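Next come the chains, spelled out residue by residue.
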Amino acid sequence: MLPQSLLLCNYYPTAPQHCNGQIVKWEIVPQYFTERDYPWLSQLIEEYLRFKGQTRRRVVEHFRGKTGTIFEKKKCGLVFHLLHRMSEDDNGIKQGVKPSKLRAQLFEEAATSVLRPASSSVLSSIARQNKIESVTEVLEAAFSDLPLERRLVKMPESMTSQKMALLCNLSLIQGIVSRSSQVEIKAFGSVRRVIRQAKLRKLLCQVENQRSSDNLIIRVSGPLSLFGHTQIYGRSLAELIPLLPWCELFKLSAICRIRGRDGLLQIKTGVSIPPASEPKQFDSTTEAQFAINFNPYMADWELIREPEPICLKGTNTLVFPDFMIRHRRNQKLKFFVEIIGFWTPEYLSRKTEQVKKMEISNMILCVDEVLICEDSKASLELSNTVIFYKRKVKVADVMSKIIQLSSNRFE
Amino acid sequence: MQFFYDRGTLVLSGLNDQAIDLPQGFIWDSRVQSYRAPALLYHQIRKELKTNQIQFDDLVHSNRPDVGREGNSGKWRTTQLRPYQETAIDLWEKNSCQGIVVLPTGAGKTCLALSVIAKTGKPTLCLVPTRALLEQWHQEIRQRYCGPIGLLGDGSRTIETITVSTYESAYRRVVDIGNTFDMIVVDECHHFGCGIRDEILKMCTAGLRLGLTATPPSSYSSGDVANRLECLIGPIVFELSIEDLTGSYLADYDYYTLHIDLTPEEKAHYQIDIEVYRVVFNSFRTSCPMGNYLDWVRFASRSEEGRKALTAFHRVKKILASAKEKFQILNTLISRHWDQKLLIFTADTETTYHISKNYLIMPITSEIGRKEREAMIRSYREGRIRTLVSCRVLNEGIDVPDAEVAIIMGGNHGTREHIQRIGRILRPKPGKRAIIYELVCRGTIEVNQSKNRRRAFASPITSSL
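Heads up: the sequence lines are chains A and B, in that order.
According to this note's numbering, the first sequence holds residues 1 to 411 in order.
According to this note's numbering, the second sequence holds residues 1 to 465 in order.
Chain A on its own, in the form it takes in the complex (with noise of 0.2 Å):
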């Protein structure tokens, strides 16, 4: 079972029957959580909170009138969905006894009764048995396991009507992707990570370049989506929302299926949502050592972390490295670096083949020697872009590699 926080950032959508969005003329209209919800929804988190040690039902009978009147009606069904999921239960015990242990007990006993049908003589004996005093609280500690008898232990109480609003605005759009079987995002900057989440959920993802700028257009589907609509990738597409927060600039598109209408679903960058945990600066530590060593030469060269990705002309491929050191003077003199620690063979020789393909000859493949067999060394030995490491990559073998490269060029 995943951490409830980690659920929580990676998917949460709502349940249809709190799927707030109205289609207008073709257009998903999501009724997001706004300021002007702020009021009502601090009342509730508070109100909520104090039913701590409570059950559930004594907490649904509470709000149950109190909607459309105090809390604005059509919303604060998901608020509870999410505070509801976000606390936790005990676990039911009272009495000492396990209510499924009394309850075996409890219906084994009345079935050999001779009373028909069984009396309070049975729910005497049973308490007897089990030193329970009142025969009302054989029944009650017979069901308090049930969801809605069990006692709110743990709440989120740290809530606050701002995170909560957030957290609503996510679980609606999430809701709404899921019922979608593609997406198109637009964006710039730290896709990266986007477009691995996307390939990591099996789904197809198209990169291209937007031609009047640097932003790149990726279209995220599932092979069954040629076929028509379907909902089987709905999951793995509303997974993505969090990750989109951490784009500089974004817009993503989806055609969603609600209630039997199709619609077309709008965000960009803005739209308040949380973003998933911040995504980690390095891959590995090799790449973290790598940044940290190469501050000698910082005077003349600039270290970019995940630069946008280079497509390889002529082909439909996208190539993520996983830095780019670029002259500080002399903006076109730029370098890519990509550190290959753990391989297989198959994935070495498609890198060094793309490589190769490459035109532009700045792509600098860091190799871990420790790993690799004679015979693909020697084979990339021929290779004039391939740097061979054992254990951290040298900087200063990769920095003379570019000084060579560089003159190489210039003449």
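Fair warning: there could be bad hints in the mix.
If you anchor each label on the Cβ, the simulated ranges turn out as follows [to be verified]:
id, chain 1, residue 1, chain 2, residue 2, range
1, B, Ile196, A, Ser253, 20 to 28 Å
2, B, Phe56, A, Lys25, 19 to 27 Å
3, B, Ser366, A, Ile292, 39 to 47 Å
4, A, Glu208, B, Gln2, 42 to 50 Å
5, B, Glu350, A, Asp89, 18 to 26 Å
6, B, Ser218, A, Lys74, 34 to 42 Å
7, A, Asp89, B, Lys318, 25 to 33 Å
8, B, Ile272, A, Lys74, 51 to 59 Å
9, A, Val24, B, Phe56, 45 to 53 Å
Just so you know, these hints were derived from the structure itself, not from any lab.
Quantities reported herein were computed from a predicted structural model and do not represent experimental measurements.
Backbone N, C-alpha and C fix where the C-beta goes; we use that ideal spot for every residue, glycine too.
With chain A held as given, fit chain B onto it using these hints.
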């Protein structure tokens, strides 16, 4: 030219500008610059390529998980089938090993399916709707099959030559396992065809498909669903109703409809709410005469009046479920059949717990853990408890042997639910005559609902109090 399996689809590659007639189903996929078809069409495509004498490499099964390619033959204990089961298998085989067998509950659908799996000897995926049925199928297979059994669902993730999976787990894993099995058995297959989980069947290459149900969608009332089901599994190849088997392979039964009155107070509330509901529902019927329940909910939720009508209808159902006289009659019936195995079916969980607490009867609901439910059904089988009360969990699939009397306090899911419920008590036993009581509130919507249910299997006996 070659074609291979790719995440629930088939991809054709290596065409090299050859001018050939592509098999039906392939569409150009610009995302990968290849032709693609749904995995469901695998056998049709193969056949077409062979007929057109086109050379091809079939790589569809090259990357599938190893589940014992030698199949499952020789590991099964033989079972004597009933004549109608043998006929059903023959007809299924004649229809290219595709199709749906419709048999009432207790008529041996699982037994039939296991015989088919044994006979074909192919790697098979059995799809079941619930975790309780997952366990039940697992046990049934274990009794007859001596090889390893895979399980997907309820915390298990093993894949073997014979694998049982819940619909939900199969939905999550189908991208990876769509080319693993040659045969699919779909238990309670009436759940498919409405679009929700149909992708499981679309994304599998298995050519042998057997659907099992007691309540197929009728081509009259749900034509689209029936057509889709036919595309995904095959047509209905064999069908028997409860009436066909009553007295021979199913227990004979007496059916009593007990009409009760609402109290004046209940009646007054009922009248107010039903009027609110009727006004909106009638306008829905005018605008959408063939609309189903989902269409009705969509229609109603668009307007304030509609939403009020929905709320009023919920109140109506509550009034009917908790009608005082129903409980008085229930008390009499429980006393009358105190020594017999009794099942009580309710309309909602709240009523289930109410009955449980007041009459000290074990409730079987989704909120009671699976292990406890199984233990209680075992106690029921062994006679340590004689009565169970349930809202929905016992409706479908669960094997509750020896039940003799059913009391139907109310229901929400129409004829299909009713037939499934009655099937629970018709498992045969020497000298058994089952009794069904249906409690209906006079002068309410329950009267028509009851008539429709009865019409579904044309019971010969009607009585009223």
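Hint-by-hint comparison with the structure:
no., hint, in the structure
1, B/Ile196 to A/Ser253: 20 to 28 Å, "holds (25 Å)"
2, B/Phe56 to A/Lys25: 19 to 27 Å, "violated (48 Å)"
3, B/Ser366 to A/Ile292: 39 to 47 Å, "violated (55 Å)"
4, A/Glu208 to B/Gln2: 42 to 50 Å, "violated (28 Å)"
5, B/Glu350 to A/Asp89: 18 to 26 Å, "holds (20 Å)"
6, B/Ser218 to A/Lys74: 34 to 42 Å, "holds (37 Å)"
7, A/Asp89 to B/Lys318: 25 to 33 Å, "holds (26 Å)"
8, B/Ile272 to A/Lys74: 51 to 59 Å, "violated (25 Å)"
9, A/Val24 to B/Phe56: 45 to 53 Å, "holds (50 Å)"
When held up to the earlier numbered hints, the structure conflicts with 2, 3, 4, 8 and fits the remainder.
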